[in-house]
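J.: Sequence:
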Amino acid sequence: MPTNVPVRPPEFISQQVSAARRFYLNLNPRRTRGMTIVCGGWEECAADYRIERADFPFLSLELVAAGRGEVRLAGARHEIGPGSVFVYGPGVPHEIRTSADAPLGKYFVNFVGDQARALLRARQLSPGGVVMLGSPADVRVAFDALIRLGGRLDAHTARAAALQLELLIIAIGRAAQPATPAERLARATFERCRAHLDTNFLRCRTIEDAAAVCHVNASYLSRLFRRFQGDTPYRYLQRRQMQWAAERLHASDRLVQEVADELGIDPFQFSRVFKRVHGVSPSAFLSAR
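For the sequence shown, the residue numbers in the working numbering are 10 to 298.
Among these hints, one or two may not hold up.
Unchecked claim - Result set (DMTMM-like, lysine to aspartate or glutamate): computed pairs, CA atoms no more than 25 angstroms apart in a straight line:
| # | residue 1 | residue 2 |
| --- | --- | --- |
| 1 | 284 | 267 |
| 2 | 284 | 262 |
| 3 | 284 | 271 |
What the hints assert, rightly or not - Now the in silico label distances, taken between C-beta atoms and shown as ranges:
| # | residue 1 | residue 2 | range |
| --- | --- | --- | --- |
| 4 | 211 | 39 | 22 to 30 angstroms |
| 5 | 248 | 59 | 47 to 55 angstroms |
| 6 | 240 | 276 | 34 to 42 angstroms |
Think of the hints as simulated: they come from the structure by calculation, not from any bench. All values derive from a computational prediction rather than experimental measurement. Backbone N, C-alpha and C fix where the C-beta goes; we use that ideal spot for every residue, glycine too.
Start from the sequences, fold in the hints, and give me the full structure.
T.: Set out below in structure tokens:
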């Protein structure tokens, strides 16, 4: 259980704020292969908010939710506003300033560990980087959950908060906008094609048909899904169909063959795919209702 909650915030926590919600878990963490959270929270910056550090002992991840400002990371200047995420840590000189007429409102979390660094690298969030989120809503929800978990102060707090931080980093990776126009175009094409499958999965029979409707070729569609979804469009379509099938079987008296017919799939093939996706056969699923 965290026991080192300070009487007053540590020196590296800015006092140039008009309001704050913070939690403290381990202010003197050991080096670890895993992930240990030091502290985190939400800050509404005062008009004179300014941070200048030549170094920092922990990894730090911040999300701007309101206001405007700028950050310098290892000498590179970036304007920041709602949806901006930036990362710094050991060996990264940094400055953070708010605009006086639109003070920053931002989330932050400080942490250490080899696993943490690996998670950041996997999501292109290495220290010294800035990314812009296309839709920050899920990331804000994840940060709010982290603050809530971090403030509970029971035997499970440190572990629960570390798991939530992992979910937060994944959410940032999903929401991050591609950096170049070509990457943004590819992402937009992927999202358009995925939306087509989401809307038309009952009628979609082959990926080639879906690609033709979306005005791309099937091989390019497969590359887009592997890049942005981490899977093939065919498997994505099957998961979407089998999720619908499970809900259909659960909520009605339809037979397995009837649901397979609605999807235009041979009953034997339907049962095989259903078991691969859900881990149980359709008949076993019905028996467990």
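J.: Range hint 34 to 42 angstroms: satisfied by the CB atoms of residue 240 and residue 276?
T.: 25 angstroms, violated
J.: Quick one: are residue 211 and residue 39 within 22 to 30 angstroms, going by C-beta?
T.: 54 angstroms Cβ-Cβ, so the 22 to 30 angstroms window is violated.
J.: Return holds or violated for the Cβ distance of residue 248 and residue 59 against the range 47 to 55 angstroms.
T.: 48 angstroms, holds
J.: Does residue 284 pair with residue 271 here, judged by a C-alpha cut-off of 25 angstroms?
T.: Between residue 284 and residue 271 the Cα gap is close to 18 angstroms, so the pair holds against 25 angstroms.
J.: Between residue 284 and residue 267, does the CA-CA distance stay at or below 25 angstroms?
T.: 17 angstroms, holds
J.: Compare the distance between the alpha carbons of residue 284 and residue 262 with 25 angstroms, and conclude whether the hinted pair is satisfied.
T.: 20 angstroms, holds
Figure legend: structure checked against the earlier numbered hints; hints not met, in rising order: 4, 6.
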